[in-house]
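Colleague: The chain contents come next:
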Amino acid sequence: MIEHDKILELLPLAAAGALTSAEEKQVAEHMRSCIACANELEAWRPIATELRRLPTPQPSSWLVQATLARAEAKLAEQAEHDWNRRVMIFVVAFAWLLTIASWPVFHFVSGHFGSLLELQFSYTCMSFAAFTALGWIAGGVAAVMLAIRQPGERRLA
Amino acid sequence: MPLDADVVRLRRGDPNALSELITRYQNRLYRYLLRIVRQPAEAEDLFQQTWLRVVEKIRSFDASRNFDAWLFTLARNLAIDHLRRIRPQSLDEPLANSWHSETVADRIPSKGATPFDHALAAERRTEISEAMAGLPMIYREALTLRFEEEMKIEQIAQVTAVPVSTVKARLRRSLEQLRYALEERYPGGTWQ
Numbered sequence: 001m002i003e004h005d006k007i008l009e010l011l012p013l014a015a016a017g018a019l020t021s022a023e024e025k026q027v028a029e030h031m032r033s034c035i036a037c038a039n040e041l042e043a044w045r046p047i048a049t050e051l052r053r054l055p056t057p058q059p060s061s062w063l064v065q066a067t068l069a070r071a072e073a074k075l076a077e078q079a080e081h082d083w084n085r086r087v088m089i090f091v092v093a094f095a096w097l098l099t100i101a102s103w104p105v106f107h108f109v110s111g112h113f114g115s116l117l118e119l120q121f122s123y124t125c126m127s128f129a130a131f132t133a134l135g136w137i138a139g140g141v142a143a144v145m146l147a148i149r150q151p152g153e154r155r156l157a
Numbered sequence: 001m002p003l004d005a006d007v008v009r010l011r012r013g014d015p016n017a018l019s020e021l022i023t024r025y026q027n028r029l030y031r032y033l034l035r036i037v038r039q040p041a042e043a044e045d046l047f048q049q050t051w052l053r054v055v056e057k058i059r060s061f062d063a064s065r066n067f068d069a070w071l072f073t074l075a076r077n078l079a080i081d082h083l084r085r086i087r088p089q090s091l092d093e094p095l096a097n098s099w100h101s102e103t104v105a106d107r108i109p110s111k112g113a114t115p116f117d118h119a120l121a122a123e124r125r126t127e128i129s130e131a132m133a134g135l136p137m138i139y140r141e142a143l144t145l146r147f148e149e150e151m152k153i154e155q156i157a158q159v160t161a162v163p164v165s166t167v168k169a170r171l172r173r174s175l176e177q178l179r180y181a182l183e184e185r186y187p188g189g190t191w192q
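Read top to bottom, the protein sequences are chains Y and X. Okay, so the first sequence: first residue is 1 according to this note's numbering, each after it adds one. Okay, so the second sequence: first residue is 1 according to this note's numbering, each after it adds one.
In short, the hints are calculated from the structure, not lab data. Ideal placement from N, C-alpha and C gives every residue a C-beta, glycine not left out.
For lysine-lysine, the following DSS-like pairs were computed, each having C-alpha atoms within a straight-line distance of at most 27 Å:
id: 1; chain 1: Y; residue 1: Lys25; chain 2: X; residue 2: Lys152
id: 2; chain 1: Y; residue 1: Lys25; chain 2: Y; residue 2: Lys6
id: 3; chain 1: Y; residue 1: Lys74; chain 2: X; residue 2: Lys57
id: 4; chain 1: X; residue 1: Lys57; chain 2: X; residue 2: Lys152
id: 5; chain 1: Y; residue 1: Lys6; chain 2: X; residue 2: Lys152
Chain X stretches covered by chain Y per the calculated footprint, using a threshold of three residues with CB under 8 Å from any CB of chain Y:
id: 6; stretch: 15 to 21
id: 7; stretch: 30 to 36
id: 8; stretch: 49 to 61
id: 9; stretch: 122 to 129
id: 10; stretch: 175 to 185
Facing chain X, according to a computed beta carbon distance under 7 Å, are these residues of chain Y, among others:
id: 11; residue: Pro12
id: 12; residue: Ala16
id: 13; residue: Glu50
id: 14; residue: Glu72
Work out the full structure, taking the sequences as your base and the hints as a guide.
Modeller: So, in structure tokens, the structure goes:
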């Protein structure tokens, strides 16, 4: 009786084709001797069959086109964003390289002309370093402000 | 499992691959969303949102996973968020509206069947879909993924993020509730 109840519970899944091979075997064996379960399975089958035959509602062509247009726009936006990020990384790396490379040149030039103008090297050097740092800080602040503003603009758009 | 060529191309940012994938999955995805939310306008909105989410997340798509399951998981998460936001009761409570819709293909007669057979078959489908629309969301979902999407139990478990045993229990209960609803509406098995 316990097995019969257990099999009875498996019958909807049998109609849905959702049993494991071991369960299928168990159900098949039980049904050879149980007419009630065999009839019960036959009652489940039309439901499963009709569920498989339900009509498929289709999206309108307008919806598909509109979705494609929006998704393509997003794809293009992402590609542009990636490109901008790569360019930004390159520009920053290049700027640092240029700054570092300019130091020996500056040292050579300031040593030569500084002596003509009677300027102290350390004073000129400090001024140049301060000027460079100011430029970098201003650039950094502008970049951070732009980065904060951009998501806000996207939200409004 | 080899990765779908269109998915690979989409990961590289190819818009043609996007078009291919939308065309390929449009009917299945729309049907799934409509079965969950039952309102065409909401399903349309979620359809668009799902594809935008695909574009957004495609790079983080795990190549070892099945794309179908991933796509339906994205759609499901959006649909559930939507249902929680606009009508929290709808995850459990059925609505009276029917989402049943007939396509042109369904009206094309097949060989050997009389107009009466067609009318009867259409009537049966309407009965089943109306009874199905009355089930709670998790049961409608189990039925559509198994019978319409023809997903395996393991795939359904992936999409719904629950164990296989839970999927089986949901499937069994959904069928039982569906049968009960049909028998209640049409006593004596007249719906068959």
